[in-house]
Every structure is written in structure tokens, then in C-alpha cells.
Amino acid sequence: DTAVSQTPKYLVTQMGNDKSIKCEQNLGHDTMYWYKQDSKKFLKIMFSYNNKELIINETVPNRFSPKSPDKAHLNLHINSLELGDSAVYFCASSQDPLAGGRDTQYFGPGTRLTVL
Amino acid sequence: QKEVEQNSGPLSVPEGAIASLNCTYSDRGSQSFFWYRQYSGKSPELIMFIYSNGDKEDGRFTAQLNKASQYVSLLIRDSQPSDSATYLCAVSNTGGFKTIFGAGTRLFVKA
Chain A
1 DTAVSQTPKY LVTQMGNDKS IKCEQNLGHD TMYWYKQDSK KFLKIMFSYN
51 NKELIINETV PNRFSPKSPD KAHLNLHINS LELGDSAVYF CASSQDPLAG
101 GRDTQYFGPG TRLTVL
Chain B
1 QKEVEQNSGP LSVPEGAIAS LNCTYSDRGS QSFFWYRQYS GKSPELIMFI
51 YSNGDKEDGR FTAQLNKASQ YVSLLIRDSQ PSDSATYLCA VSNTGGFKTI
101 FGAGTRLFVK A
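Residue numbers (our numbering), protein chains in the order written: chain A, 1 to 116; chain B, 1 to 111.
Pairs of lysine-lysine, PhoX-like flavour, derived with a Cα cap of 25 Å:
id, chain 1, residue 1, chain 2, residue 2
1, B, Lys42, A, Lys22
2, A, Lys41, B, Lys110
3, B, Lys98, A, Lys22
4, A, Lys67, B, Lys98
Coverage of chain A stretches by chain B, computed from C-beta distances (three or more under 8 Å per stretch; other residues unrestricted):
id, region
5, 36-43
6, 52-58
7, 105-112
Covered stretches of chain B, going by a simulated chain A footprint (3 or more residues, C-beta under 8 Å):
id, region
8, 39-49
9, 99-109
In short, the hints are calculated from the structure, not lab data. Just so you know, these numbers come straight off a predicted model, no measurement behind them. In this text, a Cβ means the ideal position worked out from N, Cα and C, and glycines have one as well.
Given only the sequences and the hints, what does the whole structure look like? Please build it.
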């Protein structure tokens with residue numbers, strides 16, 4: 001019954017590798033997001049997608065490429081991983097960001113990425 | 001200037017007391033305001049949202065919004081040790097696709 005799920009939960013990899021994180025929501029929401037939470041716990045938006053279309057790209061390096069095959073999925077692929085990419089990545093979804101009362105975001109459990 | 005500012009804390013209150021958490025934001029066009037709670041190692045979960053000036057109460061929680069002062073607060077009455085967590089203030093601008101989070105305030109409720 002998990003509303004927003006992410007896989008994997010933990011990811012440990014070497015610098016220079018390429019990795020992907022998958023996200024799925026079963027809430028029927030139109031909008032999905034990727035956030036990065038660094039070691040200081042600061043949660044920063046990376047991307048917003050609405051109905052599979054990219055809406056927000058917060059000056060994220062192009063090594064990060066989100067892909068939304070359908071409204072329920074938003075995956076994040078990261079090329080040439082760097083030490084600074086180590087963080088917890090959260091996926092989230094909302095019903096309708098344009099409608100007050102329906103713009104609450106529901107977060108996945110997070111993926112802790114460690115780059116060695 | 002940070003877009004959403006919070007006192008990082010930690011804020012320590014005794015059990016049963018009122019905890020007061022504050023947040024200021026810089027974008028006057030902001031429309032939606034949220035408080036999320038995040039336990040260590042867990043994901044953020046919504047506590048309250050507020051859209052209009054004034055107070056909004058939900059159980060032990062009261063959110064207060066003052067758009068003229070660009071200020072949002074969260075009051076937790078009868079604080080419990082289980083309320084110990086980091087509280088994130090979040091603000092969305094018109095359009096809602098970009099939500100800016102504050103750095104969070106760590107709250108400790110002492111039994």
C-alpha cells in the first residue's frame with residue numbers, strides 16, 4: 001500500500017560510475033518531484049514533472065537526467081558520479097500544484113547514495 | 001538572502017510545554033505554506049498547510065501566517081517526546097511546481 005516508493009533504498013558506488021534510482025507513486029497524482037537532501041539536511045528541489053513533462057529544472061548538472069515513462073513513474077539517472085553527489089534523494093508527488101489544498105507533497109522513503 | 005529561513009535550533013522544551021517554530025520567506029508571490037516533520041532517517045511528512053492570513057488549528061498544532069510580514073509559524077501545544085524531530089517550513093510560489101524548503105528546526109521535547 002506504499003504511496004510513493006523508491007528503489008534502491010541504499011546505493012554505494014565508485015566515482016565515475018552511472019546509476020539510476022526509480023520512483024513510483026500509486027496515488028494517481030499528476031506531478032512528481034526529485035529532491036536532494038545533503039549532509040546538512042537541507043532539502044533542495046531538483047526537478048518537477050507534470051503529466052510526464054519537465055516543468056522545473058533547478059540548474060542541476062546535466063549528468064542528472066530524469067525520465068518519466070508515465071505519470072506514475074519518475075526515474076533519475078546519474079552519469080559520472082562525483083563525491084559531491086553523495087546525499088539522500090527523495091522522490092515526491094502531489095495531486096495538483098496549482099490548486100490550493102491539493103498541492104501537498106507526499107514523499108518516498110529516500111535513497112541514500114554514497115559515492116566513494 | 002535565503003529564500004526560506006528558519007532557526008536551526010535545537011529548540012528544547014519540556015514535555016507538556018508549547019513549542020514555537022518560526023519561518024520567514026522572501027518571495028512575496030508565495031501562495032502556499034507548509035510545515036513538514038522529518039524524523040531522523042525518515043522522509044518528510046506533512047503536518048499542516050495554510051494559504052490564508054491568520055491561524056489554522058489541527059489538534060495540538062496551530063499554523064499562523066502573516067503575509068505582510070512574510071512570516072509563518074507553527075505552535076505545538078502539549079509537546080510530547082514523540083514530537084522530537086526536525087520541522088521543515090516549505091513555501092510554494094504561484095504555479096506550485098517549485099517548493100522551497102527551509103533548512104529545518106530541530107526540536108527536542110524532554111520527558
